[in-house]
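Produce the entire structure from the sequences given, and follow the hints as far as they go.
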Amino acid sequence: MKRRQFIIGTGALAAASRAAQAADDVVIGVVYPLTGNGAAVGLDAKAAYEVAAKIINDTHAPIGVAMGKGGGLDKLGGAKIKLVFADSQNDPQKARAEAERLITQDKAVAIVGSYTSATGATISQVTERYEVPYISADNSSPSLNQRGLKWFFRTGPHDEMFTKGMFDFLADVAKKTGKPAKSVALFYEDSIFGTDSSNVQRKLAAAAGLPVAADIRYRASSPSLSTEAQKLKAANADVLLPSSYTSDAILILKAMNEIGYKPKAILAQAAGFQESAFMQGAGALAEGAMSRSSFALDADKLRPAIPVVNGLYKAHNNKDMNDNTSREITALLVLADAINRAGSAKPDDIRKALIATDMPGSQTIMPWAGVKFDETGQNTMCNPVIQQVFDGTYKTVWPFDLAAKDVVWNVGS
Amino acid sequence: MENFITRRRRKELIVAGLLLAVAVFAPMAIRDVTALNVIILSLLFAGLAQAWNIIGGYCGQISLGHAVYFGMGSYVSTLLYVQAGLPPSAGIFIGGAVGGLAALLVGWPCFRLSGHYYAIATVVVGEIGYLLFLNWDYVGGATGVYIPIAKPSLINLQFGKDKLPYLHLVLAFVAATWLAAWLIEGSRWGYAWRAVKDDVVAARSLGVNIFASKMAASAISGFFTGLGGAIYGLYVGYIDPDSVMAGHFSILIALPTVLGGVGTLWGPILGAALLIPLKELSSSYLGGSGRGVDLMLYGAMIIVVALARPQGLVSLFGGRKHGAP
Amino acid sequence: MTLETVLQVAAGGLLMGLIYALVAAGLSLIFGLMDVVNFAHGELMMLAMYAVFVIWQASGLDPMLQLPIVAAMLFLGGMAIYRGMIARALGVQFNRGMVQIFVTFGLAIFIRGAAQFVWGGEFRSVTNTWLSDRSLNLAGVYFPLPQLAAAAVCLAAFAGLLLISRTEFGKALEATREDREAVALIGIDRDRIFALGWGLGAGAVGIAGVMLAGFYYVGPNVGASFALIAYVTVALGGFGSMGGALVAGLLIGEVEAFTAVVLEPSLKQIGVFGVYLLVLMFRPRGLFGKL
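Residue numbers (my numbering), protein chains in the order written: chain A, 8 to 420; chain B, -8 to 316; chain C, -4 to 286.
Hint data in this document are derived by calculation from the structure and do not stem from the laboratory. Keep in mind that a hint or two might mislead.
[As the list claims (entries may be wrong)] Within a straight-line C-alpha distance of at most 30 Å, the following computed DSS-like cross-link-like pairs (lysine-lysine) qualify:
#	chain 1	residue 1	chain 2	residue 2
1	A	157	B	2
2	A	157	A	89
3	A	89	B	142
4	A	379	A	308
5	A	114	B	2
6	B	2	A	359
7	A	114	B	152
8	B	142	A	269
9	A	379	A	186
10	A	321	B	152
11	B	2	A	353
12	A	353	A	210
13	B	142	A	359
[Stated by the list, open to error] Just the calculated beta-carbon pair ranges, DEER-fashion:
#	chain 1	residue 1	chain 2	residue 2	range
14	A	243	B	84	48 to 56 Å
15	C	59	A	154	48 to 56 Å
16	B	299	C	160	32 to 40 Å
[Unchecked claim] Here are a few chain C residues that face chain B, going by a calculated C-beta distance under 10 Å:
#	residue
17	-3
18	83
19	87
20	90
21	96
22	97
23	113
24	138
25	140
26	144
27	147
28	153
29	259
30	265
31	281
32	283
Note that beta-carbon positions come from the ideal geometry of N, C-alpha and C, so glycine has one too.
Printed below as a string of structure tokens:
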């Protein structure tokens, strides 16, 4: 370890002396859907990365990351991060071509992306061929890191980790309140996200001995979800587990309300339920809904950097950080930290530094234990939280030691 | 007259041969992968558009559901490779054959419809195919299928980072579709189909079997579309219903022909050469802004070309009149 | 399946069916008049929904009160599209059918891009209207008020179109449809009739957009999912047949709702498409189309 640090140290020194003269920008490619179906999320992501780049390039004050005092990457002579954005249009072919363009034309030394898992699949194939790191900020399909890829790193949790958090919460809340949930209803869209999410939920429900009262796969962006709502009402499970994007999340809450049904508990696989457009559209109907999250805006006691970073983000994009945007900011910070430690903008050096990453949670804006990648490139220390809507905002209710509010649990009453 | 046609057809063949020779060697000077990617996609869609031209242009049946044949081709070829280990160099032809079969299956009920009823029915068929694959777990459902990264080889039709072999593969595809269209133009089938397109009643009275004509055109068109889909799947390395069966592929397959010139040999190629680079480059360089400028540009171009050159861009080159032999 | 479920599903299908019919009405009108399928129909509806949202946000005016304003805006927009593009597309010498399809298709893409340019990709919702989140409970079967209002407006719109067809203008419409060339001889300006027809068709889908904005979210791609159903509705009912669109809309609403019960909800549109193809086997020009 000592020896390795020494080698990296001298390398960094050499790089620094070279960089001191030029301090070339370090180009990082960012691939998101900026038009078409996923545009709303992609545009928020763009704003998030811009904020993260500002933190790295101007002042690191908000976060405790060891990147030196001045602006930029101190071990690269104060080199700045330069982001180049590309539009995937949520199309795997497009995402692949754009990643290739960013690497070959813009000389990106790493790619960050990409929201949907299908685009993450093709981008990671390109980065594998070109041997540059791909930092997956928010692709949540568990299949992505199980393909033996060498250049794939995921800073955030995948669906299995998320879902495990949800079922741990159900067990904990049963212990705490003495009112265990006796059944669940699965409600998920017919996409890779919905399929992966529901597969894990089905498995974990069986393991927890929870009967699945309804198992509903629905067509995403349907004109109407009223029949689906009626099926949920007829099943009347204790906990509804939706895996939906924004538009369908609004629609199903409205559709259930229209037929006079309010589930005792809603525990969402984030996605749409964490978007501000959902809060605006669903209004009072969202009250009491729970969602898993990898981020807790109200964990400012634990992570004093949160309000500062959120202030920057809000000034830039006129809304609070959420589950997605916080993961995106974190992904870029982790990558910048690795580039800085590598003291080099060579993909191979960055990869080695990423593998060596061991960032304590206190240096992030996330409620995680930290960032450390296993051999598949998955961060193993990103435990999710559960949040609940109180007066139109999410408050963290689990883990109980992190809770900003006591959970409101209507099951069994 | 006959002599004149023969001479002109021979001239076309020679021009095509020369162009092909240029297209084989010229890209070797290009290093830029983005440029190569755009060329590959343009060629692929030139071939697909030519395939559509056979049913849409020569036979006059406006199909807006070709994504189904495209998707079938890529699914069949990919699954044969992933599940049964059949090399893609053989699999793509089986994919094409299944695409052709699917076209026959779709044609059988749909060809009794005319005009807009046929167009809407093909949209619906395309949508049914998409939904079935999305919900069919055996073919990966929404999760899609990865094509495992294999050693670059001609058998596997995988070439790693090297783009040139892909380019030559799609070039062969374009050449094959062009040759098919050329042969059809000169054959009895070609005359029969154009008769079907121009005047069904007259065609019938001349003893043309309308239904059989449409079915034959459909099968050939479906075969080449499936073949193109199989190549596309290999090139992208991952397929799911959204990326190979979504409705917008149906439009993208038809559009180059409509803009370039329906029922012409060169229209689909010209249309694709204009449309695909514009679409790809505008979304690459304008899409990053996230303001939808690329979509506006793309939409406006379709409107302007369709209105200003309804007979297709190919007419700018003083080519022969639309559809006439 | 309980009786309550069956009734509730049927009620949902009925309301949705009327909304589909309303969305399809304008499409059918334009087709019947000039043999043109407007592939930007869903995008016109999307524009109407954005108009409602913008006016609501600026002034708090309830969507119901905006009905005449937005319908008028769409009426003018429809006329402008006819004058600027469709008239030209109808005048071309070659491939008229294809040019017409792809011109409106290009327009659809353009409008989608423009919507994103102006309003961004965010989903937006009109909330706290007079009717929102309220339902009528009839013996345990719920009828959400916004959908109920949309259904009532749908019936009123069909009645209105029926009335129009009895007026002088309606007769001119009918005559133009029957014989485009001959009407010129009796002093009817074909171009003017077509422009008014486009105005009416766009106005009708504008009305649908207003009613939909009362309970559905708005986004640049919202038109697509309704437009596909609208094309199927019109083709199933028979192009140009108003009554056909109404019946087909209802049929589609119910088939969709019950497919979601009997099969999986993700397959509900397959039920609709299956019924549509089946009907076309026996009636190639739809239920009420002229054979």
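> Which of the numbered hints are not met once you compare them with the structure shown?
Replying inline: 1, 3, 5, 6, 8, 9, 10, 11, 12, 17, 24, 25, 26, 27, 28 and 32
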